Structure formats: C-alpha cells, structure tokens
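**Student:** Sequence:
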Amino acid sequence: MPPTLILDTNVLVAALRSSRGASHALLQAVGRGHFTVGLTAALVLEYEDVLKRPGLVPLPPEDVDVLLDYLCSTGKRCAVRFRLRPATEDSGDELVLEAAVATGSLWVVTHNTRDMAEGARRHGVELLTPAEALARLEVGG
1 MPPTLILDTN VLVAALRSSR GASHALLQAV GRGHFTVGLT AALVLEYEDV
51 LKRPGLVPLP PEDVDVLLDY LCSTGKRCAV RFRLRPATED SGDELVLEAA
101 VATGSLWVVT HNTRDMAEGA RRHGVELLTP AEALARLEVG G
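The numbering of the sequence shown is the working numbering, which starts it at 1 and goes up by one.
No lab work stands behind these hints: they were computed from the structure.
Given the structure is predicted, the values throughout are model-derived calculations rather than measurements.
Take every hint as true, because none was put in to throw you off.
Using C-beta positions, here's what the derived DEER-type ranges look like: (1) P54 <-> H111: 20 to 30 Å; (2) E118 <-> V80: 18 to 28 Å; (3) A117 <-> E62: 29 to 39 Å; (4) G104 <-> R32: 14 to 24 Å; (5) D115 <-> R17: 14 to 24 Å; (6) S73 <-> S18: 19 to 29 Å.
For every residue, glycine included, the Cβ atom is placed at its ideal position computed from N, Cα and C.
Produce the complete structure using the sequences and hints provided.
**Tutor:** Here's what the structure looks like:
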C-alpha cells in the first residue's frame with residue numbers, strides 16, 4: 001500500500017512555476033501509485049486561495065480548478081474533527097499538520113521544514129523536502 005503524504009502549498013507553487021526540480025517531479029507522480037496525497041477541505045481551500053493569486057503561478061484559474069479536481073479525485077480525503085492549534089506560528093502550517101494527522105500521513109513534503117519542525121515532531125509527522133520524498137519513494141526526478 002503506497003504511503004499517504006501531504007503536499008504543502010509551497011510545493012505546489014514551486015511545481016507549477018517551474019517544470020524543473022523535485023517539486024514538479026513529485027506533482028507529476030501524483031496518481032501513479034507511488035503515494036497518495038492526503039487532503040482536507042481546509043487544505044484544498046488553501047491550495048485554491050494561493051494558486052489563484054494573480055501572477056503567482058502561470059495557470060489560469062480554470063486550470064487550477066482542473067488540478068485541484070484531479071488531486072481530490074486521486075487523493076485521500078478526510079475530515080478534520082479536532083484542532084492541533086496552536087502547533088506553529090503560521091496558521092497555514094497548522095492546517096497542513098492537521099491534514100497530516102487527519103489522513104494518517106507520516107510525511108509532510110515542504111520547502112519550509114524549519115518553521116514546522118516543532119509542531120511536526122510533537123505530532124509524529126516527518127518533514128521532507130520534495131527531493132527527499134522522491135528519493136524515499138524511489139520516484140525518478
């Protein structure tokens with residue numbers, strides 16, 4: 001059974017801004033059986049809010065909707081029936097950690113490992129960069 005992991009919003013932004021690098025390779029691997037993306041309503045709404053900010057990623061809003069629909073159709077969707085807050089100083093990081101706990105994800109893939117480190121450790125979640133995740137999953141980059 002493939003592991004479930006959480007993609008932090010910054011990984012999606014990096015993946016969509018450049019077709020090079022580990023973030024893009026990880027996004028390309030979604031739905032191919034290497035892993036399952038864990039999702040909560042709050043996390044998907046965060047993705048939508050950030051990815052639709054003008055000029056942030058080179059996609060029109062309707063293409064962002066297609067991406068989010070794909071993630072929702074292939075991902076593990078779970079409700080958050082608890083709050084871990086306060087776990088970090090950034091509420092965006094807290095909703096990522098809540099998604100990890102709710103979906104039973106052992107990993108959060110992020111470019112922001114430092115700011116989430118204490119909260120992740122407290123909740124038994126490991127933080128990985130996209131390159132580390134690809135290596136662990138044995139997905140070619």
